[in-house]
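Generate the whole structure from the sequences, applying the supplied hints.
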Amino acid sequence: MSLAQKIVITIIVVLLVVTLGGMILGKIGVGSLPTNGSRLGTTPQIGVTTPSTGKEVTNEVPATGTTETAGTKETATTRLVIKTGELNIVVKNVVESAKKIIQYAQKRGGWVVQSNIQEIEELPIATVVVRVPIEDFDEAITYIRGLATKVNYEKSEGQDVTEEYVDLESRLRNLEATEKQFLEIMKKAKTIEEILRVQGEISKIRGEIEQAKGRMLFLERSAKMATITVNLALSEELLPIPPAERWRPSYVAKRAWKSVVTFWKNVSYVAVTFFVYAVIWLPIVVIAYLIIWRIRKPKKEKK
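Residue numbers (this note's numbering): 2 to 304.
Derived from the structure by calculation, the hints contain no laboratory data.
Certain hints may be false.
To be verified - Calculated lysine-lysine pairs in the BS3-like style (CA-CA distance at most 25 Å, straight line):
no.	residue 1	residue 2
1	K101	K156
2	K151	K101
3	K108	K156
Here it is in structure tokens:
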């Protein structure tokens, strides 16, 4: 094979590799699934989140009081409970159902914490997080169930944070008592160094008092609201896998079959794109073949 033939063949191979690589990369870019950041519609979080637990607090019926020794009186403690709900539902219209859930929460005096609508394989899915008054919690769960053609997963739970609130009360009392002691010491201080030292301690204690009061106020205000998280999709294969069903063969088989169908769909897209691009690479191949044929023909005639 002559040098000219080698050059022509090399050019053809490079052009084919570049064309195929561009088509495949382009297909991957188009067919990639959106991440959590790629949202079609979002509603910013306007609720308040608990700093330490990230959950909300609700109010329950007061429990019986605790009896102290030596003739002390019984004290009744109001229970503070973090109440949350989560549902994965299949609906006929994802966007409309998400809007209805938001409107329901707002009509009941609640608000939207998060609203996220995105697409997977050109099918919409949504996650909506709302807060509703605790007295409307059960009714809200029932309403959301009514929007579904199938409830894939449902969970409700409550976390008692009464102990945390009681600890904050005790800590606040101790801090306030310590503050009074330092104020008395301040009155007796004689030198500037003593005054500055006591003022530093008082400032530190007052900062801790404000933190305790802020946390207690947050728990008190949040006690009237509950949080509900809803995942919506057109089919159960697009919903998060429920914890109890992660090892159920039929459910896993459905998701596996969905992945196989998606794979072959992407392969077909690449094949169609390859043949469409034939208008670019086919003439190049034909021209290259003709050049090689013309170069080799004189040699054959000489022989």
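These are the hints, each one checked on the structure:
Of the pairs offered as hints, the one joining K101 and K156 holds, with about 20 Å between alpha carbons and a cut-off of 25 Å not exceeded. Between K151 and K101 the CA atoms are separated by roughly 17 Å; this keeps the pair inside 25 Å, and the hint holds. Restraint check for K108 and K156: the C-alpha separation of about 23 Å stays at or below 25 Å, so the hint holds.
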